[in-house]
Amino acid sequence: MANHAIVGAGAYVDFYKAKRYPGVLSWILSTDHKRIGILYLASMLSFFLVGMSIGFLMRLELIAPGKQLVDPQTYNAFFTLHGVIMIFLFIVPGLSASFGNFFLPIHIGAPDVAFPRLNLLSWWLFIAGGTLAVLSMFTGSGPPDTGWTFYAPYSIRTGTNVILAAFAAFVLGFSSILTGINFLTTVHRMRAPGMGWFRMPLFVWSLYATAWMQVLATPVIGINLLLIISERLFGIGVFDPAKGGDPILYQHLFWIYSHPAVYIMILPGMGAISEIMPVFSRRTIFGYKFIAYSSITIAALGSLVWGHHMFTSGQSYVASTIFSLLTMLVAIPSAVKVFNWIATMYKGSIHIEAPLLFAMSFIFLFSVGGLTGMMIGTLSFDVHVHDTYFIVGHFHYTMFGGMGMAFFAALHYWFPKMFGRMYNKAVAKMAWLMIFVGFNTLYFPMFILGWLGMPRRYYDYLPQYQGGHVVSTIGSWILIAGILIMLSNLIRSLRTGEKADGNPWGGTTLEWTVPSPPPLENFEKIPHVDRDPYDFEGVSAR
Amino acid sequence: MDNNRTDQEHTGFDVYVLTWVTLLILTAITVTVAGMHLGKLSVLVAVVVATVKAGVVLYFFMHLKYESALFKIMVYVALGTLMIFVGLTFFDILFR
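These protein sequence lines are chains A and B, in that order.
Just so you know, we're using our numbering here: the first sequence kicks off at 507 and counts up by one.
Just so you know, we're using our numbering here: the second sequence kicks off at 110 and counts up by one.
In short, the hints are calculated from the structure, not lab data.
Warning: the hint list may mix true and false statements.
Partial chain B-side listing against chain A, Cβ under 8 Å, derived [unchecked claim]:
| # | residue |
| --- | --- |
| 1 | Phe122 |
| 2 | Thr141 |
| 3 | Tyr185 |
| 4 | Ala187 |
| 5 | Thr190 |
| 6 | Ile193 |
| 7 | Phe194 |
| 8 | Leu197 |
| 9 | Asp201 |
| 10 | Arg205 |
Glycine included, every Cβ here is placed at the ideal spot set by N, Cα and C.
With the hints as constraints, model all of the structure from the sequences given.
Next up, the structure:
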């Protein structure tokens, strides 16, 4: 891009050393987008470990029919909290709040985001929401047992602590909206000279599309959750059929946000994959504009398909048919991305490193998730597998196989830039193998179990399903072992890893032109951009 | 927002009064139609009138009329999205 020599690599103060307050205050009061990105990263990974532990316990409970560890009510609380924590505290903020915060300004040649204080507020709201969610487990009349969807009328009638959990999700929604507003403004107003829309890295395009959805769709669930709280407190009757209300309206309002949320989660992941593929194939990205536009198309079409979650809810057949048809359309921009990534690798000089391995697993696992999504987006098929393990398998392939793998890919790709140290590459590859094998062992049997009729969210099951459950539980052990090895490798490298130079992978985007870790305001002087983002000419391979 | 311009250049007292009268008339229409028992149409009329009212407020009271194209496009995108959300939901409610 501007200049591929590492600027100011000799004498500079990296952002870790440039701080206004001592100790932990230098983090939680910082308005530096890089520190906020790392705050998000650390807090999200902590919540992820909590969610993962609950998932581990659920799998252990399901290893055999009957009671193994916990009673049914606790199991209901487990799947609710696993969902709430993983969705609202890990994958919705996801790559956008962590890597997006760290790299969006650097990618467009800006010293920070447009509203740094708002950025810090969004993290504080995130932590406040997370704390409320955790509090809901231990206060009131027991942890919520509604599932992460808080469906009416059950969520209105259950005696558990729904109000606090719903309010937690409401606060988290505000955090997401603030990040969205910040990123939209940053992309519109703060691009460096010469950084035209089609010179932006594709990660920025994906963040831009995501930000629109965060701003437009999140208020809907905010209102919806407030309505649930009002129903419980005042019995206003919006969702209560006895008072002329409509419980299906709840599902509409819920999925108007929560289906676009799927794309809020996955789009920044796709953006990260679009960064990784060219660097490790030593080739410019294939179909730059198509990938950029497909992000916007996914955001737009993804907002029109929420009704496919409701085929068996009692919504009208006309609506079901329309939503089923619209669902098919989302496959087109998703496939555009997948084929362009593969075409990028074609005849490239491929360097097998941990980020690429995670990125390739993303493409494979997300494709399985996407194609099974087409199956259940088909009205006639979904009626049979709705609320079975087929759905659980599908959304874990898209969410964890998609966003999760992209997150791990991005973590390994940007780790040397963020922390100035390189991890042990051999251990990272071994961890990847365990995660990939463990993932498929855990989640693939769910497709078969669901196909055979095993319902989701059930505490107990008939003996004929035990084989699949045992395989799945063993898979969870392999997966968790892989994740723990991966994280311990990264955490150890923070102190003892080999020092990384400014551009350890031979990348072409602007973050690789500044030292690792970057200085406080990213650039000594704002760069003038005169190259396309994936132009490898003059950039040496590593 | 263009800080070089003053609101008085574009909006006089008469425009605000006219806007206010328009909103009152539209409110009267909503109230009247609500009492006419038009069935499914009554919801449609209420939604359309409310949309027009919101548009008038945005355009004149909130000065969208005098903003640059970028601001207008952003507001139109948000409004368009909301219309689609509401519209698609009606495919369920109307045909159930």
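Here's how the hints hold up against the structure:
1. Phe122: At about 34 Å, which exceeds the 8 Å cut-off, the nearest Cβ of chain A leaves the hint on Phe122(B) violated.
2. Thr141: Since the shortest Cβ distance to chain A is 23 Å, the answer is violated.
3. Tyr185: 12 Å, violated
4. Ala187: Hint on Ala187(B): holds, closest Cβ of chain A at ~6 Å, below 8 Å.
5. Thr190: Holds. Min distance 5 Å.
6. Ile193: Because about 6 Å separates Ile193(B) from the closest Cβ in chain A, which is inside the 8 Å limit, the hint holds.
7. Phe194: For Phe194(B), the interface hint holds, since the closest Cβ of chain A sits about 5 Å away, which is under 8 Å.
8. Leu197: Hint holds; Leu197(B) Cβ to chain A Cβ min 7 Å, cut 8 Å.
9. Asp201: Nearest chain A Cβ about 4 Å off; hint holds.
10. Arg205: 4 Å, holds
In the structure shown, a violation is registered for the earlier hints numbered 1, 2, 3, in ascending order.
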